[in-house]
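Engineer: Each chain is listed here by its residues.
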Amino acid sequence: MTISLAPADWLDLLAHFLSLSLLAVGGAISTAPDMHRYLVDARHWLSEGQFTSSIALAQAAPGPNVLFVALMGWNVGLNAGGGPAGGWPAYGLALLGVAITLAGMLLPSCVLTYAATRWAHKNRELRAVRAFKAGMSPIVVALLIATGWLLTGAHDQPARDWRLWALTAMATVLVWRTRLHLLWIIGAGAMLGALGWV
Amino acid sequence: MPTSDPPLNAPRSRADLFWSFTTLALQGFGGVVAVVQRELVEKKRWLSREQFLEDWAVAQIMPGPNVVNLSMMIGGRHFGVAGALAALAGMLAVPTVLVLALAALFATVADAEVAQRALRGMGAVAAGLVLATGIKLVGALRANVMGLPVCAAAAIAAFVAVALLRVPLGWVLAVVGGGCCLWAWRCLGRASPAPGDAHPANPS
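First to last, the sequence lines map onto chains A and B. All letters in the first sequence, in the order written, are residues 178 to 375 by this note's numbering. All letters in the second sequence, in the order written, are residues 20 to 223 by this note's numbering.
No lab work stands behind these hints: they were computed from the structure. Do not rely on the hints blindly, as some may be mistaken.
If we take Cβ atoms under 7 Å as the criterion, some of the chain A residues that face chain B in the derived model are [said to hold, decoys possible]: (1) V243; (2) S286; (3) Y291; (4) G312; (5) P315; (6) V318; (7) L321; (8) G325; (9) L328; (10) I363; (11) L369.
None of the values given here were measured: they were computed from a predicted structure. Virtual Cβ for every residue (Gly too), placed ideally from N, Cα, C.
Chain A on its own, in the form it takes in the complex (with noise of 0.2 Å):
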């Protein structure tokens, strides 16, 4: 796919992702519905299966998720400069728009997180905020295990996703009980895949 864009596009592009940052609670992934609305329907910088692949590959590799927002800018880059077949130059638009999407994502939510958490420990032993920390404990408990049910609910049906499912209990309980090291877990998780036994 190519596209062109001019400077003021790339502008454009930054400040969108300026403002999706501190609407970003609960994570970057909680924006992507609106990432789709500007990249993939108003703006026809990306394909359906570029960004879908995009957010994909980021959860399947290491590091945090918020990377998706990486690739994005990287595929958004890639098509302004014709694609893998647009050679170096491509490859550089590709990194420009990297730094775009992933500064813009960045930059505001982590200048207002690192003032307010400054603030909250310099002042931690003050009521509000030991209350706010104890109150929204139990909350953060419930929001993991409810991450953990909602992965393995995708797989719903009990005839085909059964291995799937023993799956997840066998990691979660090796992790609870065990010191094993995860790389080994995740491994293992591949390599069944691979193998066609989950």
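Go by the hints and put chain B onto chain A.
Structural biologist: Leaving out everything else, chain B in the frame of chain A:
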């Protein structure tokens, strides 16, 4: 589960922060929170389980990626802005290069069925990692000022709202979380103030 905890450690330098978070990020498939809990709380002991839970709550509330927020909070606490930047760079620099390389590679094998199946298997394990992290942190709620029964009720309500009823996160945080904060505020006023109860020698 261990109950008598040895004293906590601290990061030695900004370089230590950078490399620690790089190592953390590179182990985090499908999200980093499970690895953060294991490495920072169980292995390095930079945080107690209770502190981790509190910091994670703040990292979730603030806009931006949770693990990125958490890395900045820890870096900033020990080495100020420079520490926050070192931790942030550790979390992002190498993983970004890696994910771009993977994207270039994946473009060549995206259609292979083996790759798709391996992704499925890793996804199932990733779900287990997050579940186990949540289960492990349940123990930390015992030290909570609201008491275990209230915590359990709040956690179950939040789980039902998010996982079963699919209520938007903002509402759950505002209603269940806000209610808990008010209740905790009341409990803290009743219990004679014992500052630093859950913060043994918090380094600043």
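Engineer: Where does the structure disagree with the numbered hints, that is, which hint numbers, in rising order?
Structural biologist: none
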